[in-house]
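Read off the chains here:
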Amino acid sequence: MTSFWSITLVTLAKDIRLEWRSKDALNAMLFFSLLVVVIFVFSFDPLAEESRHIVGGLVWVAFLFAAVVALNQTWARELRNQVLDAYRVSPAPATALFLAKVLGNFIMVSLLEALMAPLFVIFYNLRVLGPAWQLIPVALLGTWALVVNGTFFAAMSLRTRSRELMLPLLLFPVSIPAVISMVAATTNILTGEDSAHFFIVLLLTYDVVFTTACLALFETVLQAE
Amino acid sequence: MNASASKTAAPAGIIAVRNLVKQFGRFAALRGVSAEFDAGKFHVILGDNGAGKTTLLRALAGLAHPTRGEISILGRNPRDASREIGYMAHPSLLYDEMSGMENLRYFARLYEIAGDGRCRQVIQAVGLDPELSRPVGKYSQGMRQRMSLARAILHDPKILLLDEPFSNVDAHSAREMVGLLKGMCDAGKTIFVVTHQAALLEGVADEFVWMQAGQIIDRTHRLVRDLDRAVEP
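Protein sequences appear in the order of chains A and B. Okay, so the first sequence: first residue is 45 according to our numbering, each after it adds one. Okay, so the second sequence: first residue is 293 according to our numbering, each after it adds one.
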């Protein structure tokens, strides 16, 4: 078990170092999210009362699409020089690699959310009418839901010819229950009209089920040709 | 993997393949390869492009799953014997953005090797400087090949599977690499080299394995085939 966590952490540290040096995924995600914010600000009246009702959807759609950029990059760097084969021939557990990739993507997307959230608040003139602290569990559980499935499906589509197209095709349908829960929970918290408790529990259940399934199946995905 | 591929019928000390078939769609890269290779020997695999050399090597490494047939590495299937296998592919299997030392440090942890001592030792063994801080992506092709070899021998494997280790390496460096491999073989390691530069290994290799169209067609002790001899793989 010590070895498992040690390999997970060393792989995570390696990925963070590689991303820090190239900044491929972070830059792409930031620019994409910024564009979404600006385009929607020009498309809607940001001062309108309705913004509280629509911004939950806008935020998560922006983060979902931006996350896809990071998710594709995660595995792309393992394909250069076929480095993934070096991992495959080692005795290191496949699940340690998967968990490290999920944690790396979680950190990246969370960082993006932390940077973009103030912009959404400013541009849409948002004021939270419900319990604001509940946005934290929604953000954490929602981000985990996106990255755990995204990392898994990105690995699955790794060897396909048009993997950048395959990832959203595989990921988005599976993520629908999570996206609905994220959007509904965020809207309920922003408007204060309803409790977000049910959707938070739903997100938690979704995360547990899909994390377990992805961990169980990843060895097969990694060793597939 | 094919269920039968995990059988471990061969005695320990031998690398054996039996009726190994590997198909990519309708193309058969390996067509019923059967052979036993002695442990502790230097085997060179030769053949034209498309003969199945790399596929055989990848199958031995556990990277290509046999469509049919069995592989036994020291009495185990390749996956279970992963600690005993060092694999060097035609691509470097290294991260271009990290230095050689950083790469090896990472791979050392995958084999639960602590500290930098072993990493420094293998980098020096392949004739590179452990203090070299520039990223591998900025290495010359020859340096990259050497670092790739360093990664393959990092965990002191009993079996080395090397795919084109001398490509793009200058003659002097190639001779140094051959000397290193010869020393490892003398120390009891089993070495498989796929190469088109077999002349470098004349007098060093114990056996030349000739492949053609996905099959082993001959095995010789010298770099010449006696074409009058019956072909008995």
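Heads up, some of the hints might be wrong.
Result set (DMTMM-like, lysine to aspartate or glutamate): computed pairs, CA atoms no more than 25 Å apart in a straight line [as the list claims (entries may be wrong)]:
| hint | chain 1 | residue 1 | chain 2 | residue 2 |
| --- | --- | --- | --- | --- |
| 1 | B | LYS430 | A | ASP129 |
| 2 | A | LYS67 | A | ASP129 |
| 3 | B | LYS430 | B | GLU404 |
| 4 | B | LYS474 | B | GLU494 |
| 5 | B | LYS430 | A | GLU237 |
| 6 | B | LYS450 | A | ASP129 |
| 7 | B | LYS474 | B | ASP510 |
| 8 | A | LYS67 | B | GLU404 |
| 9 | B | LYS333 | B | ASP510 |
| 10 | B | LYS430 | B | GLU456 |
| 11 | B | LYS430 | A | ASP238 |
| 12 | B | LYS430 | A | ASP68 |
| 13 | B | LYS474 | B | ASP421 |
| 14 | A | LYS67 | B | ASP448 |
Hints were generated in silico from the structure; no laboratory data involved.
Report task. Verify the proposed pairing of LYS430/B with GLU404/B, using a straight-line Cα cut of 25 Å. Result -> Judged against 25 Å, a Cα distance of about 28 Å means the pair is violated.
Query raised in the report: Given the hinted pair LYS474/B and ASP510/B, is their alpha-carbon gap at most 25 Å?
Result: holds, 23 Å
Query raised in the report: Does the alpha-carbon distance linking LYS67/A and ASP448/B stay inside the 25 Å limit?
Result: Violated, because 35 Å separates the two Cα atoms, which is more than 25 Å.
Query raised in the report: For the pair supplied as a hint, LYS430/B and GLU456/B, is the alpha-carbon distance within the 25 Å limit?
Result: Distance ~21 Å between LYS430/B and GLU456/B Cα, so the pair holds.
Query raised in the report: Is it true that the CA of LYS474/B sits at most 25 Å from the CA of ASP421/B?
Result: holds, 22 Å
Query raised in the report: Is the straight-line distance between the alpha-carbon of LYS430/B and that of GLU237/A 25 Å or less?
Result: violated, 58 Å
Query - Pair hint LYS333/B and ASP510/B, alpha-carbon separation not exceeding 25 Å - result: Holds: LYS333/B and ASP510/B sit about 17 Å apart, inside 25 Å.
Query raised in the report: Between LYS67/A and ASP129/A, is the straight-line Cα distance small enough, at 25 Å or below?
Result: The hint holds at about 24 Å.
Report task. With a cut-off of 25 Å on the C-alpha distance, tell me whether LYS430/B and ASP238/A pass. Result -> The hint is violated at about 57 Å.
Report task. Mind checking the alpha carbons of LYS67/A and GLU404/B for me, to see if they're no more than 25 Å apart? Result -> Given pair LYS67/A, GLU404/B is violated - Cα atoms ~29 Å apart, limit 25 Å.
Query raised in the report: Straight-line Cα separation of LYS450/B and ASP129/A no greater than 25 Å?
Result: holds, 19 Å
Query raised in the report: Is the hinted pair LYS474/B and GLU494/B satisfied, with a Cα-Cα distance of at most 25 Å?
Result: holds, 11 Å
In this structure, the earlier hints numbered 3, 5, 8, 11, 14 are contradicted, and the remaining ones agree with it.
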